[in-house]
Amino acid sequence: MSDLTGQHLVRGVDHAAFPTFDPAATVAFYRDVLGLPVVHSICAAGWGPEDHPDFIHFFFDIGNGDRIAFFYYFGLQPSQRLDRGDSFAQFGSDVPEYFVRSRHLALHVDSQEHLMEYRRRLDASNWPVEMQIQHETIESIYTHDPNGYFFEITRALRPVTPQEDLDANLTIDALVDIVSSPGHTLEDLLTRKAELIVERAAGWQEEQERAGAAPSEVRA
Amino acid sequence: MSRIWFLDVPENWTIIDVASQAPATRLTRVGPYVSVESDGPLVVDRRSAGVRHAIWYSCVAGLSDSRITQWDKDTLRIEAR
Chain A
1 MSDLTGQHLV RGVDHAAFPT FDPAATVAFY RDVLGLPVVH SICAAGWGPE DHPDFIHFFF
61 DIGNGDRIAF FYYFGLQPSQ RLDRGDSFAQ FGSDVPEYFV RSRHLALHVD SQEHLMEYRR
121 RLDASNWPVE MQIQHETIES IYTHDPNGYF FEITRALRPV TPQEDLDANL TIDALVDIVS
181 SPGHTLEDLL TRKAELIVER AAGWQEEQER AGAAPSEVRA
Chain B
1 MSRIWFLDVP ENWTIIDVAS QAPATRLTRV GPYVSVESDG PLVVDRRSAG VRHAIWYSCV
61 AGLSDSRITQ WDKDTLRIEA R
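Residue numbers (the working numbering), protein chains in the order written: chain A, 1 to 220; chain B, 1 to 81.
If we strip away everything but chain B, and leave its shape as in the complex, we get (with noise of 0.2 Å):
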């Protein structure tokens, strides 16, 4: 299972969007955060989210059992740990 957070932000709605628009993802809202969690890979376009790069590169707040395998200007990419 890959699991990311991200803090509840206007900057970051249309990220947690696209990553949570996959299927079989989970949405769960923590206090000011939300995690996406799959049991397969997670993978967010850039473009899709339609933002630039200071918010796509700090957009990340935290990873549970799962490691990034790709963060570069087009793809943000979650895997199982």
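Chain A extracted, bound-state conformation (with noise of 0.2 Å):
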């Protein structure tokens, strides 16, 4: 057997799970509206300890063989609803916008042709594009689907490249370091990744390099 120790195999999403209320606006948006066939379901008797209702989970594929999925609950009623929010949960005014937005889907697709294909779908369904938004590496559409879940759609303008992946490492590594002292500020964050880029840059590029990497658009 081989040994798997500290090898990434996982593949994709296989589903990402939210509860609706309303199943027939789901399918309309996902399968009729954005054109994601429903690749899976099950019609399921409630069973188990707890209450239990009976229920539908289906499924739409998100491409490369990754899927969104439902569950509809039979009989069960939304809980009290706040001012804002989705069918899963919901917030009062006191929470700020960006926090509600912050827990989103984003659909990736090839090319800005592709973008606009989907933009044209929403716009000439009850689910229009709220925001396109496009800056020097991405553009993205957004919009709510009928379940109040924040939706985007996503192209990159250039490929990441392994500069970016060492950096992003490096951020991550500079939140860990800093994030349990009381008070840590961006400023702390980016201080501490100073020391890192000095301890670790030099070498990553070497290695790059060793490894014959094609030289990445680094500026001379």
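These aren't lab readings, by the way, just hints derived from the structure by calculation.
Computed from a predicted model, the values in this text were never measured in an experiment.
Each hint should be verified, as a subset may be incorrect.
As the list claims (entries may be wrong) - Here chain B is said to cover these stretches of chain A; the calculated rule only asks that three of the stretch's residues, wherever they fall, bring their Cβ under 8 Å from a Cβ of chain B:
no., segment
1, 131-145
2, 184-191
As the list claims (entries may be wrong) - Which residues of chain B face chain A? A few of them, derived with a C-beta cut under 7 Å, are:
no., residue
3, Trp5
4, Leu7
5, Glu11
6, Tyr33
7, Ala49
8, Gly50
9, Arg52
10, Ile55
11, Val60
12, Leu63
13, Ser64
14, Ile68
Note that the Cβ used here is the ideal one computed from N, Cα and C, for glycine as well.
Join the two chains into one complex using the hints; note that each chain is given alone, in its own frame.
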């Protein structure tokens, strides 16, 4: 048996699951508007020690064999609604909008043409695009699905370079290092990260060159 | 001495240029990073760098013995700690 220790073995999203109280609109949005095929469903009677209702668990193909899935529970009513949120969680007016929007699903497309095709489909539906944002590295469209889930489709304007992977790792190591100190700030992180750059960046570059990596887009 | 670090990606090039064009600055490369240091404060004007907000507000990779005293839509200012 091969030694799997330390190997990166997972292969993408099998499924990410969300509850729905409106399966008809959910099917309309994902299957009919976006064109994501229904690829699996489970019709199940409730069982178990809890008072579990009968339910349907249904899946849409989001590309690469990955899936988004929903649960529809027969007879379950939404709990008391607060001001904002979605079918899973609601938030009062004390919770900032950026926090409410922080949890979202983003699907990937390969080109602007493909992004604009999804924009066209959404704009012709009950769930038109609410925002289209392009900056130097990505372009995204956003809407909310019929369950209130914040939904994004995005494309990269250029491939991620190897040095950005290094940079991401230094950022995260710096974050882990400073996050237990009380009152930590972005400036604390950037200070720690500069130390990590000095410790590791030159060695990383030498390793890249030894491995014969094609020089990434680095200015001389 | 104030010293700021940037990752060498195309989006940051004009920012690095503007930061290092100020008098008495020194530019050092360490792996895929570039640092710009100065005996006095380092000031970068966003419009001179010609970058929009998403890049502007994520362009700093690190700070050595320095602190950010201004980082708004117009100016990034770094001073010795």
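Each hint, compared with the structure:
{"no.": "1", "hint": "131-145", "verdict": "holds (count 3)"}
{"no.": "2", "hint": "184-191", "verdict": "holds (count 3)"}
{"no.": "3", "hint": "Trp5", "verdict": "holds (5 Å)"}
{"no.": "4", "hint": "Leu7", "verdict": "holds (5 Å)"}
{"no.": "5", "hint": "Glu11", "verdict": "holds (5 Å)"}
{"no.": "6", "hint": "Tyr33", "verdict": "holds (5 Å)"}
{"no.": "7", "hint": "Ala49", "verdict": "violated (12 Å)"}
{"no.": "8", "hint": "Gly50", "verdict": "violated (11 Å)"}
{"no.": "9", "hint": "Arg52", "verdict": "holds (6 Å)"}
{"no.": "10", "hint": "Ile55", "verdict": "holds (5 Å)"}
{"no.": "11", "hint": "Val60", "verdict": "holds (6 Å)"}
{"no.": "12", "hint": "Leu63", "verdict": "holds (4 Å)"}
{"no.": "13", "hint": "Ser64", "verdict": "holds (5 Å)"}
{"no.": "14", "hint": "Ile68", "verdict": "holds (6 Å)"}
Hints 7 and 8 from the list above are not met by this structure, while the remaining hints are.
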